[in-house]
Amino acid sequence: MTAKTIISRPIYGTLSPQPGKHHLFIADAEGALAITDMAGKAPPGFFDGAEIVFIPDPEGKHISALEALEPAQLHLPPSFASLLPRLRQTLTNAHMGLRLYLAGTEGLIGQAMQAALEAGVDHTSIETEHRGSLARRMQCVHCKGITENVTTQPAACSHCGLLLLVRDHYSRRLAAFQGVCINAEDRSEIPPMEEAFP
Amino acid sequence: MSTGTTKLDVVVSDVVPVNDLVTRFHFRRRDGELLPTFSGGAHVVVEMRDGDRTRLNPYSLMGSPLDTREYTISIRRDDVGRGGSLFMHRQVKPGLEMVISYPVNLFSLDLRARKHLMLAGGIGITPFMAQTAQLAGAGGNFELHYTCRTASLGTYADVLRERHGNRVRLYHDDREERIDLERLLSSQPLGTHLYVCGPAGMINWVRARAASLGWPPETVHFEHFAAPQPGAPFDVELAVSGKTIRVGEQQSLLEAIEAAGVDPPYLCRGGVCGQCETNVISSDGKFIHNDHWLSEEDHRSGCKIMPCVSRFEGKSLVLER
Amino acid sequence: MGITFRKETFRDDFTFKNSPEHIRRFPFPFNEDAYMYAVNIEPHVVGPKGSVLENLIDVDEHYVAEMQDRALVLAEDPLRCQSLPHMTLAGWDLLELLMEQQALGYPEHFTLERNGDRWRWINRPLGIDDTFTFGDVSTLPYGPMEYITRQSQGDFCILDQRDGNLWMDAGMVTTQADWSLDFDIGMNFFEWHAPVPLAHEKGIFTRALKFLTNIQQGKPARRLNWTMTVNPRLDTSPENYHKWGPDRATVTPENVGDKVHLRVELQSFWRLPRSNGIVFPIRCYLIKMDELVTQPKWARRLHRVIRDLPEELATYKGLTRYRPTLVEWLSKLDDDGPTSPGFGPD
Ligand code: HEM
Ligand code: FES
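Protein chains in written order, with the working numbering: chain C, 1 to 198; chain E, 199 to 519; chain Z, 520 to 865.
So here's chain C without its partners, still in its complex pose:
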């Protein structure tokens, strides 16, 4: 895609240890490596108050590296959807002083942040690091349906079928990029579909 981006496009950083008593890590895919990289900078005993939630791939890659950090808890849900009820419960019962660290694919970071926002956590206090696929979650502005793992530009809405321009405009509340009909003015114009978010 174009190098030029816009201000609503989220910017991810590099995880760094925050002050606080409890630390909750949520990661998928290569996000595990963001955690192990950060561990080198963490003060001694940091992981004694840490819970790591990791959604592993089918081969179970990176699990042993996370185990080696000896966190207070390591939880390995099969998918984000299966994690969500537990995550909501954890956040409801949590106290101020809990810090959040999200690492991995953009879809995971976005959806975990969405749950945190709903629990009253300010997005600026959340540490994030993007690793792995650039595939996007996209909201179709027309039918409001969310299409997961969008890798092409343009992309078809998986709900209403319109051909959508995947914009950089991003909503934290929806955890999604905006998709807008690319040929609304003249349906006969069908631009080629390219692989844009590998």
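Some clues are possibly wrong.
Subject to a maximum C-alpha distance of 25 Å in a straight line, what follows is the list of computed BS3-like cross-link-like pairs (lysine-lysine) [said to hold, decoys possible]:
{"#": "1", "chain 1": "Z", "residue 1": "Lys-721", "chain 2": "E", "residue 2": "Lys-502"}
{"#": "2", "chain 1": "C", "residue 1": "Lys-21", "chain 2": "E", "residue 2": "Lys-502"}
{"#": "3", "chain 1": "Z", "residue 1": "Lys-729", "chain 2": "E", "residue 2": "Lys-502"}
Think of the hints as simulated: they come from the structure by calculation, not from any bench.
Chain C is fixed; fit chains E and Z with the ligands onto it per the hints.
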């Protein structure tokens, strides 16, 4: 574009001594209309005409925002300050006509909060009087921890206890009662916001503890009007208006600029809103920065000054005004 | 005497029109022959009688028809009106502001009686007479923001002020120039402005934000913004872009005067007293080219502005497809004569 805030013509409707140090002042509109509605945490700037000099000091509104027939402020007597509080205590009597600003809120509640945790020290209780009234009226979740020197100097402690019962906890210095800050800050539900108002030392202590316990800065709110400090007189050249002025011992730089007929913008007159920010064209001497607005880097650079609270010592100062 | 409200539509058969008085009071947005983004903010004070600034909240001959169009949009898509949970208090602030301003400016059409927190609101054009308790949501048929903005022309965004920024946490947006409240709700000033070209680089938004966060109670401010719309359609939302987008391909030299509309937004900024938020009313005025060019100065000036508009702005405003046709049509009305400074017609 705008200089200061819209003004309100008021009359002092009551003056009530609260304890040895604190007096409460009530204002009503001269035309008998209702005053503007305000939000908890708002302040007004009171104009004090004292002979040929005018002081403008900010004070938090402490009445319920639901009642706009009158505004109330409480002022602690400060025997070593620039005389604003002494003027109010000695000269202001019921019936006096005064001018105050429209309310401005630089310490507003974050209404997203799951819970509001408030920490007050001494006269820092005043904004919380309005905020607790506002929250109680709307069924909000709050808890107020109030530290005072002695029970007799615990301004409004009795009123607050009566209104809000257990949601108000008192700590008296003379009884060696101290807030267990570590425990308090560690036991708050996620989504709590913290508000502190009191002496600078208390604010710094609370902010530092909160930060080290993992409270993100967006959840910690503090109000500390830096009262303009007295100091040695100094001369200033105003390059744009072509005037040279002297800032008196008991005068702020902003007041001296205004006295020369130049009207820079302002809102808080306490070094927190940023409105009066002024560029320094040249200087030879030392800045005494008292504001909470400019960055440390700005302070060091000597390129900017907040004339409402900051001063200067040295040979020459030229400002872009 | 009061306003005579027109019976008209903003969809299907598009019967919307301006009366001759309304053409003259149209808030033409160009005070010179060129246009570029700027921090064009000024105090929102009352202007001359007979102008759109005669009252700070303007009600005009299109009021009833616009409110009917809004009701249609909301029936189709309730997501056009949203308020995050912490914004209810600001909704009451807005209700008070709009009731007071409308009753003040148009006493023959609106009456507000306040008796403590018992309020009675009479809206004669829409046949409403409601008594309710201020602050008690259960006494109104909708939340306070929705209730009053179903009875007020223009879109409304309510901004929460936190951490030196403004957050779009509530709004009623049915007459927008191609942006989505449902998508933007919860964003801050820089984020929701992200798609705007050039203005970020020019530092316009940083300076504007500094001004806005210091807006004082009782001292509202305003600015004008503009774009163009084919057919007098109020609901040019991204949600329905696939439905109205094809209109842009229908402009021909024969129908420019009737189809192409200048769309001007009178935007104002007000501090809200109880919530310390800011409300941003976006009042939209439409005028078709045939009506606009009845003022020769406007015709000349619009020609030059559209002809010389930077490409980025033209693309952002969606003019690309019909700009050449429009410029060609306007050029015939531009005799290269001088235009006087200022917005008004000569
Ligand atoms: C706080 C009140 C404001 C709100 C809620 C607001 C909202 C918006 C929105 C939603 C858009 C559309 C963005 C998109 O394409 O998705 C927009 C566009 C824009 N805004 Fe604002 N805005 C506000 C204040 C301002 C101010 C103070 C300025 C400048 C001084 C400004 C300048 C602009 C400009 C230049 C555009 C592009 C408009 C065009 O070319 O058609 N806005 N605004
Ligand atoms: S007036 Fe607010 S910082 Fe000086």
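Now for the hints, and whether the structure bears them out:
no.	hint	in the structure
1	Z:Lys-721 to E:Lys-502	holds (23 Å)
2	C:Lys-21 to E:Lys-502	violated (39 Å)
3	Z:Lys-729 to E:Lys-502	holds (17 Å)
Figure legend: structure checked against the earlier numbered hints; the only hint not met is number 2.
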